[in-house]
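Using the hints provided, position chain B relative to the given structure of chain A.
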Amino acid sequence: MISCSRATAIAVIFTMVTAGPGGAQSLPSARKAILDGYAAAAKQSDPGFHGFSAAAGQAFFLAHPGVSQPETPSCSACHTTSPLNAGRTRAGKDIAPMAVSRTPNRFTDFTKVERWFTRNCRTVYGRLCTPQEKGNFITFMESL
Amino acid sequence: MSARLVRFGLLALLGVGMPAACSLAEDGPEVAVAIPAAATAATSGEATMAKECSACHIAYDPRFLPSRSWVALMARLPSHFGEDASLDPSSTMAIKGYLTAHAADSRYGSSEMLRGLASTDVPLRITDAPWWRRRHRFLVARGEASSGGIRAAAKCQTCHGANGRMTDDD
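From first to last, the protein sequence lines are chains A and B. With the working numbering as the guide, the letters of the first sequence map in order to residues 1 to 144. With the working numbering as the guide, the letters of the second sequence map in order to residues 145 to 314.
Same shape as in the complex, but just chain A (with noise of 0.2 angstroms):
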């Protein structure tokens, strides 16, 4: 868990390193800055972080936590098993594929990250995500 004060000075360094004057930054720096930041984060809460990890950005994309609706058992349930594929909501609509490498822009505003981090982790796992299982999954998606 994240303490108030923590949050707060994350946030501050995701406005600082994510919001350039005019926008004009790459999709692949904004990614990162958008890392770096969970980096610092998951620092702060864990001084033995060593980095990210794509097979632990997998295992969680794909794990079935059982404590969700039967409807939305995993990641997956909406995004597909393989990132390469486009996914579809329950509702029926679909979802452009959750790989960088087919998706350029994924994982590149912070504030959508964050909203939909927040969003399906609860609905999946019936809790927040740490700043490790979102580097993790963002590492996975950028490795495919």
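Incorrect hints may have been included.
[Said to hold, decoys possible] Cβ-to-Cβ under 10 angstroms is the rule here; a few derived chain A residues that face chain B:
id: 1; residue: 68
id: 2; residue: 89
id: 3; residue: 92
id: 4; residue: 116
[To be verified] Here are the computed lysine to aspartate or glutamate pairs in the EDC-like style, where the Cα-Cα straight-line distance is at most 16 angstroms:
id: 5; chain 1: B; residue 1: 299; chain 2: B; residue 2: 288
id: 6; chain 1: A; residue 1: 93; chain 2: B; residue 2: 196
id: 7; chain 1: B; residue 1: 195; chain 2: B; residue 2: 232
id: 8; chain 1: A; residue 1: 112; chain 2: B; residue 2: 232
id: 9; chain 1: A; residue 1: 32; chain 2: A; residue 2: 114
id: 10; chain 1: B; residue 1: 195; chain 2: A; residue 2: 109
id: 11; chain 1: A; residue 1: 112; chain 2: B; residue 2: 196
id: 12; chain 1: A; residue 1: 112; chain 2: B; residue 2: 265
id: 13; chain 1: A; residue 1: 43; chain 2: A; residue 2: 133
id: 14; chain 1: B; residue 1: 299; chain 2: A; residue 2: 94
Honestly, the hints are just simulated from the structure, not real lab data. Being a predicted model, the structure only gives us computed values, none of them experimental. We put the beta carbon where it would ideally sit given N, CA and C, even for glycine.
For chain B alone, kept in the frame of chain A given last:
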């Protein structure tokens, strides 16, 4: 069906296009300066709604539910039909403002969409609203509008065009 389709689309377009045209006609040239400001305010709540409420399903037309229904829906976004659809407070306010100002019981609504609705009824689904169930008896009969979870009938776009409301194109 296609004539219906056109009417459905036109209705949606008129709902947005009319107010500016009406105030122009009523208030004369002096108001010409005020109109863009009002239009911008309306557009921003509408744009926020179109963006944030279209990720999982179509952005439903606000005239399909009374404003008390929109207030109730917007108050419980974290538990929204089995999913978390939570939003930051300022987007929530902007969207709620747009939805309630254009609801079935606003000046953009119609008596048809309120008929059969008791003043204490707060339907959280369009597919539970009396007007909708009257118009879609065939779907109600097929059981496509009664599930507590996903309802086939809530995919308005299957029968009413690419996005039902025809303002959002992703």
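We went through each hint and held it up to the structure:
The interface hint given for residue 68 (chain A) holds, since its Cβ lies 9 angstroms from the closest Cβ of chain B, which is under the 10 angstroms cut-off. Because the smallest distance between the Cβ of residue 89 (chain A) and any Cβ of chain B comes to about 4 angstroms, under 10 angstroms, the interface hint for this residue holds. A cut of 10 angstroms between beta carbons decides the hint on residue 92 (chain A): the least distance to chain B is about 5 angstroms, and the hint holds. Proximity of residue 116 (chain A) to chain B holds as hinted, the smallest CB-CB distance being about 9 angstroms (cut-off 10 angstroms).
Between residue 299 (chain B) and residue 288 (chain B) the CA atoms are separated by roughly 10 angstroms; this keeps the pair inside 16 angstroms, and the hint holds. Between residue 93 (chain A) and residue 196 (chain B), the direct Cα distance comes to roughly 14 angstroms. Compliance with the 16 angstroms bound is thereby established for this hinted pair. Simply put, residue 195 (chain B) and residue 232 (chain B) have alpha-carbon atoms about 14 angstroms apart, close enough for the 16 angstroms limit, and the pair holds. Our distance criterion of 16 angstroms between C-alpha atoms is met by residue 112 (chain A) and residue 232 (chain B), whose separation comes to about 11 angstroms.
As the CA atoms of residue 32 (chain A) and residue 114 (chain A) are separated by approximately 15 angstroms, the hinted pair is consistent with the 16 angstroms bound. Pair hint residue 195 (chain B) plus residue 109 (chain A) holds up; C-alpha atoms about 14 angstroms apart against a cutoff of 16 angstroms. At roughly 10 angstroms between alpha-carbon atoms, residue 112 (chain A) and residue 196 (chain B) fall within 16 angstroms of each other, so this suggested pair holds. About 35 angstroms separates the Cα atoms of residue 112 (chain A) and residue 265 (chain B), which puts this hinted pair outside 16 angstroms; it is violated.
Taking the CA atoms of residue 43 (chain A) and residue 133 (chain A), the gap is near 13 angstroms; set against the 16 angstroms cutoff, the hint holds. For the suggested pair residue 299 (chain B) and residue 94 (chain A), the alpha carbons sit about 13 angstroms apart, so the restraint of at most 16 angstroms is met.
Checked against the numbered hints listed earlier, the structure breaks hint 12 alone; every other hint is satisfied.
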